[in-house]
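**Q** Residues per chain, in single letters:
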Amino acid sequence: MISIKRIQAVVTKDFQDLKKNAYMLSTAVVPIFFAFIFGQQEATGDLDTAVFFMPIMLTMVIVGSFVQAAMIAEEKEKNTLRGLLLSPLSTSEIFIGKSILSAIVSIFMIIVVIYIGNIPIPDQIPLVVAAIFISLIIFISIGTILGLLSRTVMETSVMGIPVLFIFGMGDLFHNMIESEWLLNILSYLPDQQFGQALVQLNNGNAIGEQLVALSIWAVVSVLVTVYIFKKRRID
Amino acid sequence: MNMSKIIDVANVNKEYEGKRALDNLSFSIQQGETFGFLGPSGSGKTTTIKLLTAQEHFQAGEMQVFGKPVANLKDPQQMKRIGVLTDNSGLYDRLTVKANLKLYCDLYDVDYKRIDEVLNDVGLTGEESKVVQKLSKGMRQRVTLARTILHKPELLFLDEPTSALDPVSTERIHRVLRSLNEEGTTIFLTTHDMHEAERICDRVAFLNKGSIQLDGPPKQLRVSHTDSSISISLSDGREVLVGNDHEGAARISEAITSNQLVAVHSNEPTLGEIFARVTGKELF
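Those protein sequences? They're chains A and B, same order as listed.
Start counting the first sequence at 1; every next residue gets the next number (my numbering).
Start counting the second sequence at 1; every next residue gets the next number (my numbering).
Hints listed in this document are in silico derivations from the structure and should not be mistaken for laboratory results.
Heads up, some of the hints might be wrong.
[Claimed, not checked] DEER-style ranges, computed between Cβ atoms:
| hint | chain 1 | residue 1 | chain 2 | residue 2 | range |
| --- | --- | --- | --- | --- | --- |
| 1 | A | 91 | B | 224 | 26 to 34 Å |
| 2 | A | 164 | B | 164 | 55 to 63 Å |
| 3 | B | 59 | A | 4 | 37 to 45 Å |
| 4 | B | 131 | A | 204 | 49 to 57 Å |
[Claimed, not checked] To be clear about the criterion: a stretch of chain B counts as covered by chain A if any three or more of its residues have a C-beta under 8 Å from a C-beta of chain A, and this derived list gives those stretches:
| hint | segment |
| --- | --- |
| 5 | 92-100 |
| 6 | 103-113 |
| 7 | 198-208 |
Computed from a prediction, not measured in an experiment: that's the story for all the values here.
The beta-carbon is built from N, C-alpha and C at its ideal position, and this holds for glycine as well.
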């Protein structure tokens, strides 16, 4: 049975720790600079509509994945994760507890980025929130995997670069790709599905297809995370 | 005291990539005992603790803790019955001593009042608002011990708890362990420090190449391995070895009558010497 009290204890500890962690705080505010730059470009009308939402995706990758990866890797590096594993915390409680703070900070930064970047958010707020929520599950899971696979906090930065380019900046590279089949495959990636969901909402269309695709990504990423987490717990 | 088996290990094998770490390991520990697992680095001490605390799997044999297979320790209620301390048990560096302990109070459902008690036990009263990264190694280890005993575990696993600590911190930790044991806590201690084992263990086992070579109470092991000679210190500074027989008695008597005798010592070997005799290896 999952204990809310134990999860709360992990979140409280993570919050106290984050307040004093310069590396993670500076990483968490990086999306603001991107939002500012994108906000300027939007004003000149240089970018197509799908790219308007890139700052949100970057925030999810940088805060959701990178901060989460750093938090997990630091627990491993400083041997504090072992203490948690040898406490009454279950695997689910550790996984949920370690993800909540990244989710809260991500949501806060997404709001800031939307405001600073003048991002045209569709009127259907509940659907936007659903798309963001599901995407956050995906990117926090990816962050957890990165953290579990990295030996140190610094290593997460290196291992996270492909994630940043593929999911956070994918839109920028799509214009350089001519291969139809490759573009077709890339269109199923969560960043593309998320961008398309917001574009469709702005155009007044339904986003059921995108939400299903994102949900499949979320389920798969959580399962992979739990598998790696349990494997690493024993190893 | 009810002396039931709290740990029971039977014929356990553990391999890492084809290399055997534990070889047919068998032993048991009674409730209330302080059991010392002695062996050089790489002998399998830490591996045994990892298996007993369900951190790793083993390939063959049986391991029971509290009369149930070790896998049951994944149940939070069972986990609350044990405490585990290693020489690198992590603390949150950026947090204060109190914040570190509060986290574990919440995880174990322990009242915050207990923090003052454990800090007093480990001699860190008044240090609760210090940030952990500003503490010395000895103080950090005492905070970790405080964290480990916060929930009053019935069974305490200690993996080289005083490794590389100064004598004052070591003595402080030994005092806490003796006191916990007097209150009924069973202690499983791994060490390569024979003095530590002699001072606090009721029973020790020598681990070499993944299996136990010898076990028993330290005093009994020393007596059973004594070479029955006696050394006498004379006033001129000489140390003379005499036999434990009539001839030896006569030599001691002569030293007494000639007013030369300063001290008489039995020649019981240390645990380290016994280990070297049994395994052909030094403990370090």
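**Q** Hints first: check each against the structure and report whether it holds.
**A** We went through each hint and held it up to the structure:
no.: 1; hint: 91(A) to 224(B): 26 to 34 Å; verdict: violated, 47 Å
no.: 2; hint: 164(A) to 164(B): 55 to 63 Å; verdict: violated, 40 Å
no.: 3; hint: 59(B) to 4(A): 37 to 45 Å; verdict: holds, 38 Å
no.: 4; hint: 131(B) to 204(A): 49 to 57 Å; verdict: holds, 55 Å
no.: 5; hint: 92-100; verdict: holds (count 5)
no.: 6; hint: 103-113; verdict: holds (count 6)
no.: 7; hint: 198-208; verdict: violated (count 0)
When held up to the earlier numbered hints, the structure conflicts with 1, 2, 7 and fits the remainder.
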